[in-house]
Amino acid sequence: MTEKILARVAGVPAVRAGDEILARPDFVIAYDFPGYTDVFFKEAKEEFGVDKVPSPERFVLFIDHMVPAAAPKEEELHKITRAWGKEQGVPVHEREGIGHQVSAELGYATPGAFAVHFDGHVSQLGAFGTLAMGARKSVLETFVSERMALVVPGTVKIEVTGTVQPGVMARDIFHHLVRVMGPSSCRFKVVELCGPVIDAMSIEGRQTICGQAMFLGATTMLIAPDAKTLEYAKGRAKIALDPVYPDADAHYDRVVTVDVSNLAPIVVAPPSPANTRDLTEYAGLEVHMGYLGSCASGRLEDLRVAAQVLKGRKIKPGFQLHVVPTSQAIMSQAASEGLISTLVDAGAFISSSSCDYCYGRIATMTDGQRAVSTGTLNTPGRMGSADSEIFICNAAVVAASALEGCITDPRPYLSNTEGSAA
Amino acid sequence: MTLPTLHGRAAWVFTEDDYDIDLIVGIKNIKITDINELAAVTMTSYDPDFAQSVNKGDLLVGGQNFGYGHPHYPAMRAMRHLGVAGVIAESFSPGFFRGEISMGFPLITCPGIRAATQRWDTLQVDWERGVVVNQRTGQTLPFEPWSSTERATIEAGGFTPYLKARLARERAAAAAAAA
Numbered sequence: 001m002t003e004k005i006l007a008r009v010a011g012v013p014a015v016r017a018g019d020e021i022l023a024r025p026d027f028v029i030a031y032d033f034p035g036y037t038d039v040f041f042k043e044a045k046e047e048f049g050v051d052k053v054p055s056p057e058r059f060v061l062f063i064d065h066m067v068p069a070a071a072p073k074e075e076e077l078h079k080i081t082r083a084w085g086k087e088q089g090v091p092v093h094e095r096e097g098i099g100h101q102v103s104a105e106l107g108y109a110t111p112g113a114f115a116v117h118f119d120g121h122v123s124q125l126g127a128f129g130t131l132a133m134g135a136r137k138s139v140l141e142t143f144v145s146e147r148m149a150l151v152v153p154g155t156v157k158i159e160v161t162g163t164v165q166p167g168v169m170a171r172d173i174f175h176h177l178v179r180v181m182g183p184s185s186c187r188f189k190v191v192e193l194c195g196p197v198i199d200a201m202s203i204e205g206r207q208t209i210c211g212q213a214m215f216l217g218a219t220t221m222l223i224a225p226d227a228k229t230l231e232y233a234k235g236r237a238k239i240a241l242d243p244v245y246p247d248a249d250a251h252y253d254r255v256v257t258v259d260v261s262n263l264a265p266i267v268v269a270p271p272s273p274a275n276t277r278d279l280t281e282y283a284g285l286e287v288h289m290g291y292l293g294s295c296a297s298g299r300l301e302d303l304r305v306a307a308q309v310l311k312g313r314k315i316k317p318g319f320q321l322h323v324v325p326t327s328q329a330i331m332s333q334a335a336s337e338g339l340i341s342t343l344v345d346a347g348a349f350i351s352s353s354s355c356d357y358c359y360g361r362i363a364t365m366t367d368g369q370r371a372v373s374t375g376t377l378n379t380p381g382r383m384g385s386a387d388s389e390i391f392i393c394n395a396a397v398v399a400a401s402a403l404e405g406c407i408t409d410p411r412p413y414l415s416n417t418e419g420s421a422a
Numbered sequence: 001m002t003l004p005t006l007h008g009r010a011a012w013v014f015t016e017d018d019y020d021i022d023l024i025v026g027i028k029n030i031k032i033t034d035i036n037e038l039a040a041v042t043m044t045s046y047d048p049d050f051a052q053s054v055n056k057g058d059l060l061v062g063g064q065n066f067g068y069g070h071p072h073y074p075a076m077r078a079m080r081h082l083g084v085a086g087v088i089a090e091s092f093s094p095g096f097f098r099g100e101i102s103m104g105f106p107l108i109t110c111p112g113i114r115a116a117t118q119r120w121d122t123l124q125v126d127w128e129r130g131v132v133v134n135q136r137t138g139q140t141l142p143f144e145p146w147s148s149t150e151r152a153t154i155e156a157g158g159f160t161p162y163l164k165a166r167l168a169r170e171r172a173a174a175a176a177a178a179a
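In the order they appear, the protein sequences are chains A and B.
Each residue of the first sequence is one higher than the one before, counting from 1 in my numbering.
Each residue of the second sequence is one higher than the one before, counting from 1 in my numbering.
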């Protein structure tokens, strides 16, 4: 799939892994952040004399960090971003949610398209069959020229099989892949994800998994589009493209099959996203804060499962539960389903969509505190003090832990229903 | 344009795989923008005298998948300020690799380097032969070549100057073709 998509955007009949190509991204996606977009804006003008970005219709910017601004300097950055968008004819989406999610809602996750961002979590557009890469500073190249130099990556195919147990979500499946394959197993490769478990999985679950590709060492991850994704993309897609599928005789660097039948909910213990452990090892460990949100997990299925756990119950006094739906559209849908009032009644603090909880800009922890989190990373200090700890887990685990004030297996709270949201 | 001379002491050997470079300055410090302030906290949790003991041209040695996680720029900015000239590791995480090469900072992928190096060994990258030489032991280890863009980026001293030169060349070629 990767080679077909990259051949099209390089304007050549075929490319092979290892080829150096100049590719024209269909979409250039970014959020404003100091040292990134402000530098691109400035360098494009001052260093390269480019007053207008080439083909501005390919660009989209999000204001999703430092929202709302807490200091004049932060708001100044947003002001610069808005002005740049206006001057360049580039849309700036502000306060609509986390860009990686909103870009899918807006149709930038066109199946078969090639998208770039400086941030690697853009890989979650791969849930729709979009090849989406984090390219760091190379994004500057797209601000000053049509094309971007890159080496065609090889592909690792991961087939996920088995029966998903109740209480196990996409989040658990991803971190299990890291556990069995290793955090560097897919370095510099694209992961093509497939198999019956993925076929049966919701779009949201697929976004969760694809967005975390970097923690397998991968450049990005993608899934061949199916009826579900094409239905989602229909009417949204920003450009007309034929979806791309793998050839029956496609070459893979490696093909791995992972059976998840015996998988139970996991936690990723500090200090690294490579540290996948069985939840039972940590059950009972006192936690003080819960974060349900981020570009990885904060979608409807996450909110629904949390509401299922919390309905009619109260979170433990003193425990801080922050619920941050990934986008405003998700917030609105959650409100109409009654999920928001269920969560609020249980004692959750609900915030409008923002990236800021994920890196401790708000809801900061102090020394000795511990969080259960659906954020992206658990490095010490990511959510405040370097002497605080983050345990990554699925949304049901966050909700159950909020009730008991310690790391808690959510399955008893889900046992009256199907439970599995994966 | 030429590749930089990499010939210096191993100022630190990171023994961990999947090392998160944010820990070099400490995550609580990654928002520090003043480079002197940042340099002062660099590696303090490993060796309080690190900043004083580094010489210009020293190198770092790392394990597998060095730069795993969310590799922010401050750690290597601080290292460059202290005089560190490059990192030689078993392998690098792609995001970190791409980000630092774009800063014009050489990252050398050299399987076997971690076991072959003790702190303060003098290492030399021999571009001609494609090997890293440990001058204490005499051992040579081949390193993996860069792509032509990566090599040109390092030669130019960073992505911005590389891109400027490339676009100027392309414009000149287009003008010549049109003439």
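Rather than coming from a laboratory, the hints here were simulated on the basis of the structure.
A portion of the hints provided could be inaccurate.
Claimed, not checked - Below 30 Å or equal to it, Euclidean Cα-Cα: the simulated DSSO-like pairs (lysine-lysine) are: (1) A/K4 x A/K314; (2) A/K316 x B/K31; (3) A/K45 x B/K164; (4) A/K73 x B/K56; (5) A/K79 x A/K238; (6) B/K164 x B/K56; (7) B/K56 x A/K4; (8) A/K45 x B/K31; (9) A/K157 x A/K73; (10) A/K79 x B/K56; (11) A/K86 x A/K73; (12) A/K42 x B/K28; (13) B/K56 x A/K86.
Outcome of the hint check:
1. A/K4 x A/K314: Judged against 30 Å, a Cα distance of about 52 Å means the pair is violated.
2. A/K316 x B/K31: violated, 33 Å
3. A/K45 x B/K164: This hinted pair holds, its Cα atoms lying about 12 Å apart.
4. A/K73 x B/K56: Measuring from Cα to Cα gives roughly 35 Å; hence the hint is violated.
5. A/K79 x A/K238: holds, 26 Å
6. B/K164 x B/K56: holds, 28 Å
7. B/K56 x A/K4: Given pair B/K56, A/K4 is violated - Cα atoms ~46 Å apart, limit 30 Å.
8. A/K45 x B/K31: holds, 26 Å
9. A/K157 x A/K73: Distance of about 45 Å is beyond 30 Å: violated.
10. A/K79 x B/K56: Given that 30 Å is the threshold and the Cα spacing comes to 40 Å, the pair is violated.
11. A/K86 x A/K73: Cα-Cα ~20 Å, so holds.
12. A/K42 x B/K28: This hinted pair holds, its Cα atoms lying about 28 Å apart.
13. B/K56 x A/K86: Measuring from Cα to Cα gives roughly 45 Å; hence the hint is violated.
Hints 1, 2, 4, 7, 9, 10 and 13 from the earlier list are contradicted by this structure; the remaining hints agree with it.
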